[in-house]
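Those protein sequences? They're chains A and B, same order as listed.
The numbering of the first sequence is numbering that gives the first Met the number 0, which starts it at 0 and goes up by one.
The numbering of the second sequence is numbering that gives the first Met the number 0, which starts it at 0 and goes up by one.
You may find that some hints are simply not true.
To be verified - Listed below are several chain A residues computed to face chain B (Cβ distance under 10 Å; list not exhaustive):
id : residue
1  : Arg-31
2  : Val-34
3  : Met-45
4  : Gln-49
5  : Arg-59
6  : Arg-60
7  : Leu-61
If you're looking for bench data, these hints aren't it; they were derived computationally from the structure.
Ideal placement from N, C-alpha and C gives every residue a C-beta, glycine not left out.
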Amino acid sequence: MPELLLDGRPLRVADGTSVAAALALGGDGCARTSVSGQRRAPLCGMGICQECRVSIDGVRRLACQTLCRDGMRVETRP
Amino acid sequence: MSEGRAADVIVIGAGIVGAYCAHALARRGLDVQVLDAGLPGATAAGMGHLLVLDDNPAELALSEYSLQRWRDLAPELPEGCAYRSNGTLWLAENPEELAVAEAKHAVLSARGLACEMLGAQALRETEPELRDDLLGALKVTGDGIIYAPNTARWLLESDPARIRRQRAEVVEIDGNRVRLADGTWLAAQAVLLANGVQAGTLCPELPIVPKKGHLLITDRYPGKVRHTLVELGYVTSAHNATGPSAACNIQPRPTGQLFIGASRQFDSVDPAVEGWMLAKMLGRALHYMPGLGDLNAIRSWTGFRAASPDGLPLVGEHPQRAGVWLAVGHEGLGVTTAPGTADLLVAQLLGETSPLAPQDYSPQRFFGDTAHA
Ligand SMILES: Cc1cc2nc3c(=O)[nH]c(=O)nc-3n(C[C@H](O)[C@H](O)[C@H](O)COP(=O)(O)OP(=O)(O)OC[C@H]3O[C@@H](n4cnc5c(N)ncnc54)[C@H](O)[C@@H]3O)c2cc1C
Ligand code: FES
Numbered sequence: 000m001p002e003l004l005l006d007g008r009p010l011r012v013a014d015g016t017s018v019a020a021a022l023a024l025g026g027d028g029c030a031r032t033s034v035s036g037q038r039r040a041p042l043c044g045m046g047i048c049q050e051c052r053v054s055i056d057g058v059r060r061l062a063c064q065t066l067c068r069d070g071m072r073v074e075t076r077p
Numbered sequence: 000m001s002e003g004r005a006a007d008v009i010v011i012g013a014g015i016v017g018a019y020c021a022h023a024l025a026r027r028g029l030d031v032q033v034l035d036a037g038l039p040g041a042t043a044a045g046m047g048h049l050l051v052l053d054d055n056p057a058e059l060a061l062s063e064y065s066l067q068r069w070r071d072l073a074p075e076l077p078e079g080c081a082y083r084s085n086g087t088l089w090l091a092e093n094p095e096e097l098a099v100a101e102a103k104h105a106v107l108s109a110r111g112l113a114c115e116m117l118g119a120q121a122l123r124e125t126e127p128e129l130r131d132d133l134l135g136a137l138k139v140t141g142d143g144i145i146y147a148p149n150t151a152r153w154l155l156e157s158d159p160a161r162i163r164r165q166r167a168e169v170v171e172i173d174g175n176r177v178r179l180a181d182g183t184w185l186a187a188q189a190v191l192l193a194n195g196v197q198a199g200t201l202c203p204e205l206p207i208v209p210k211k212g213h214l215l216i217t218d219r220y221p222g223k224v225r226h227t228l229v230e231l232g233y234v235t236s237a238h239n240a241t242g243p244s245a246a247c248n249i250q251p252r253p254t255g256q257l258f259i260g261a262s263r264q265f266d267s268v269d270p271a272v273e274g275w276m277l278a279k280m281l282g283r284a285l286h287y288m289p290g291l292g293d294l295n296a297i298r299s300w301t302g303f304r305a306a307s308p309d310g311l312p313l314v315g316e317h318p319q320r321a322g323v324w325l326a327v328g329h330e331g332l333g334v335t336t337a338p339g340t341a342d343l344l345v346a347q348l349l350g351e352t353s354p355l356a357p358q359d360y361s362p363q364r365f366f367g368d369t370a371h372a
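Turn these sequences into a full structure, and let the hints guide you.
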């Protein structure tokens with residue numbers, strides 16, 4: 000059961016949970032804020048649409064293509 | 000079917016070239032009807048790098064003149080056009096390229112263009128993301144970037160009283176008349192063909208061939224790069240080759256995204272992204288900016304440049320079709336050269352003295368001496 004930090008708040012998820020699922024479980028479901036200030040959420044769930052870009056340990060990743068690991072820092076803002 | 004006089008000038012194509020010409024014609028008090036079929040055009044696909052190129056004197060004159068016109072227009076452009084005068088850095092990796100940079104510096108500064116040589120140390124300080132063993136760079140200060148699709152739209156909306164737009168495909172040109180796909184004929188005093196790479200479908204006699212290019216854009220990483228970074232090998236490897244080629248071109252978008260080009264292929268009309276070509280192109284960019292590999296790319300796509308045999312556009316009256324005027328064949332520089340093209344066109348259409356020597360861009364050069372219709 001990995002525990003991650005989602006926008007600074009701890010969140011424990013089941014093994015094999017994707018970061019996209021963690022966003023839905025522990026946040027507002029969104030991965031990022033667009034240039035025009037909109038919150039954006041995962042859409043295709045299969046690595047194509049690029050809507051789920053999120054910062055994981057300081058690096059931009061696709062939330063739907065990344066599994067949660069213990070100690071991960073996931074940032075969806077700004 | 001019915002036929003009416005649609006306007007003073009019918010412009011076929013609402014890309015950046017058609018849009019700029021329509022805008023310039025309207026400024027001179029002419030009524031313009033712009034027809035566009037909504038086909039995939041180069042304006043929506045390309046990089047929108049505004050740059051002075053000096054492969055030959057005519058290209059230099061046209062790009063230099065056009066850059067000045069973009070700078071003049073800049074205060075009027077809305078933010079959506081994303082114009083920035085961020086400058087180009089021509090990167091020199093070896094002594095030969097440094098010599099090319101210095102020669103270019105001499106040519107441009109002799110014409111009074113703002114530019115300077117940066118040594119290795121100054122280059123590292125200016126763009127720390129670049130590999131640290133480059134010998135230097137030529138900085139061309141007045142170069143810029145623009146978001147061409149929004150700029151074309153803004154130009155077309157600039158004078159609603161004089162510029163009318165219609166979504167329609169032209170299927171035939173007969174002198175100063177055009178036939179639309181629905182069978183309607185429209186007539187005007189002049190018909191301007193500005194339909195980019197599709198020019199040959201309406202005028203098969205024009206020597207225009209597609210040159211495919213790949214592009215890729217990253218997620219937002221503000222502040223990593225400031226200038227548009229172009230390898231000097233570009234001058235020889237990409238521009239003049241006939242086989243597939245790729246060169247480093249890294250452009251910082253105002254959003255913080257990095258826009259990566261550029262590849263060139265003559266042999267393909269298939270718009271699909273080709274992995275091997277994309278890899279070759281990214282390899283060039285990575286070679287200059289090693290940290291690029293850690294960034295997230297979000298999209299890649301392709302576009303087609305309309306290439307003429309000598310790389311220069313065809314601007315002026317069609318030598319064999321009375322009433323038809325041309326503004327086509329802008330290759331990889333049509334966003335840059337749209338303002339100069341428009342001024343050349345308007346001057347010739349109105350019988351005025353042109354700000355640039357029209358014969359250098361005259362379609363006549365591909366039709367021989369006796370081709371007058
Ligand atoms: C990959 C790539 C990178 C580039 N990078 C740069 C750059 O950095 N800087 C630069 O200055 N230039 C660049 N260019 C070149 C530049 O984008 C083009 O030269 C320019 O956009 C051409 O504009 P256009 O208006 O002539 O043609 P297009 O933008 O292609 O527009 C033609 C229009 O004509 C319409 N049309 C076609 N046929 C018909 C018909 N029968 N009836 C009605 N409408 C029709 C189409 O729908 C289309 O909208 C690049 C091009 C490519 C492909
Ligand atoms: S949700 Fe589409 S790429 Fe992740």
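Hint check results:
The interface hint given for Arg-31 of chain A holds, since its Cβ lies 9 Å from the closest Cβ of chain B, which is under the 10 Å cut-off. Using the Cβ-Cβ criterion of 10 Å, the hint placing Val-34 of chain A at the interface with chain B is satisfied: the shortest such distance is roughly 5 Å. Against a cut-off of 10 Å between C-beta atoms, the interface hint on Met-45 of chain A is violated, since the closest Cβ of chain B lies about 15 Å away. Interface hint at Gln-49 of chain A: satisfied, since its Cβ lies 4 Å from the closest Cβ of chain B, which is below the 10 Å cut-off.
For the restraint placing Arg-59 of chain A at the interface with chain B, the shortest Cβ-Cβ distance is roughly 4 Å, inside the 10 Å limit, so the hint holds. For Arg-60 of chain A, the suggested interface contact is upheld, since its CB lies about 7 Å from the closest CB of chain B, less than 10 Å. For Leu-61 of chain A, the interface hint holds, the least distance from its beta-carbon to any beta-carbon of chain B being 8 Å, beneath 10 Å.
Hint 3 from the earlier list is the only one contradicted by this structure; the remaining hints agree with it.
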